[in-house]
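Residue numbers (our numbering), protein chains in the order written: chain A, 1 to 273; chain B, 1001 to 1346.
If you are wondering where the hints come from, they were derived from the structure by calculation, not from laboratory data.
Careful: at least some of the hints might be erroneous.
As the list claims (entries may be wrong) - Straight-line distance between alpha carbons at most 35 Å, and here's what the computed DSBU-like set of lysine-lysine pairs gives:
(1) 1184(B) <-> 1249(B)
(2) 1250(B) <-> 5(A)
(3) 12(A) <-> 1250(B)
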Amino acid sequence: MIVAKNVSRSHKSFKILHEINVSVEKGEMLIIIGPNGAGKSTLLSSLADESRLQHDEIYFKGKKMSDWSKADLARHKAKFSQENNSDIGLLVKDIVLMGRYPYFNTQPHKQDWEVVHQAMERTDILKLKDRDYNSLSGGEKQRVHLARVLAQLENDDVDSLALFDEPLNNLDVRHQYHILETIRQYTEKGNSAILVLHDLNLAAEFADKVLLLKRGEVVAHGRPEYIFREDIISKAYDFPCAICKNPVTQNPMIVFRNQNRRCSMGKLNQSFG
Amino acid sequence: MQNKLLVYITCSAILLVGIAIVSLNLGAYTFEDTSLWNVFKNGIMGDINASASGDHYVLFKIRLPRIVMGILIGSALAVSGTCLQGMFKNPLATPNLIGVTSGASLFAAVSIVLGAHLRTYLPEVLHYSLISIMAFLGAILTMTFVYRISTSRKKTNVVVMLLAGVAISALAGAVTGFLTYLTKEEQLRDLTFWTLGSLGGATWVKNGILAVVILFSYYFLINKGKGLNAMMLGEEDAAHLGFPVERIKKQIIILTALLVGTCVAFSGAIGFVGLIVPYILRLLFKSNYHIILPLSAVVGSILLLLADTVSRTIVSPSELPIGILTAFLGAPVFIAILIRFKKSLL
């Protein structure tokens, strides 16, 4: 689906990304994790073609990213951005309808409204559809933009790529799971998704592949069970952790503990033991 | 949804035609023929002698061109206001508040005074085109200047934008004042007319130039509603939806400068139309540019035609400068926007 070779980005003399190689297969959900300042968002925006550089070697569906026209790309990939403008004087349904802008010229077709309706249903904002966007809470606004991205990629004839930069911010636990389930359904249809997430346990549960970044370089890339190991995670985050099997889902479960409180944690373990 | 926009536009267009017909009948001169339609028909058929000569002259040389000019200029000013507000993402970004009108009148004033001796050698079309080209240059220089200094990292600093407008208006005021001091009697009359704004100088030649400019600009601008909506999300997100953001912004800068420049060249600095019309439409349709942009083209005409009709009838047989009326309407709107958006302005 997408292959990126030697992607580098820098700000003045500071290197934000250093020769990153990454690829995502059809139907794969890749989750990018890493400590603050690792370059996760920068990598995601490079893959989303936000900052086109001449020497970039990013291939999307076998074609060089810079050879795609912006209008075509809009039907094949979409991005959910972390910083959404908080002041938009429109109704919720009109914002979700923007996801259909690549598909109609002057007036939306009936089908476009159907897609908008479905997308709002899936992100649980259907009852907000006639509300003023500016009157919504942070989590509700977040879901409006998620619905917009889902609506943008709803088409039969192409398999698409969706990029999400921290889509779960401000969401309660029910909506976090709900959104990730929706993205999983989307990838199961043969589409691909790349997410930046902070919650390692959710990443372990939902990712097909995980990319661990630190200081602009790849620390590890692979299936979750190879990434979520105590030595790798502790070193990358510079913070001790313990990893065991989640008794319910059988996925790796990551528990961080503060070094200074190891004693008490030890006692705690003993008392549990 | 499909036909809603069409319905709104049709309704307001019918309203506009109605107002235009009423406006034709109002004025200092009373027609001798009881049916204005007869005068109109005779004029169109080339049968001039069939109507009283006064009737024919007033209808075809004074009222009709003036009404057409009001419709054209109102529309152009409202559309440029709406486009600029979309581009600057702010309801206060209008041609006269950011100084574009002043920049255009500055250049137009210079070309009137310095170009006065050319007037005898040039045909009318070229002479008016020269003034409007100069006004366009003034408009585009100001617009580029204001956009450059007020926008950094794709965000517009509203305070800088408005203060840049104040600075340019001050400069334009100073130069126009200086020119007034220098000029001879006849140009003085022209210059006073610039600063106050009036549709009194309407002719068919000016209307022709205006119509061409407006048709050309609307061809590119009027369908930018979706793009402007998407730009509210942020320019990067608009690009993800497939919009060529940089190209849209360039088109808006050049074409609104062209519209404002031409309007200023022919009718002087009529303020606030680009502020009032989008404001009213926003109250009804939110900031949905997909609807308010095409609609502002018609509502702008209605507003300016109404204002002009009032301005030439209220103190008949004399007339009130139209800029006074639009300012009376515009200033409260300005204050309303300040109160409503005071939190998001900084």
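To see whether the hints hold, each was checked on the structure:
no. : hint                : verdict
1   : 1184(B) <-> 1249(B) : 42 Å, violated
2   : 1250(B) <-> 5(A)    : 34 Å, holds
3   : 12(A) <-> 1250(B)   : 28 Å, holds
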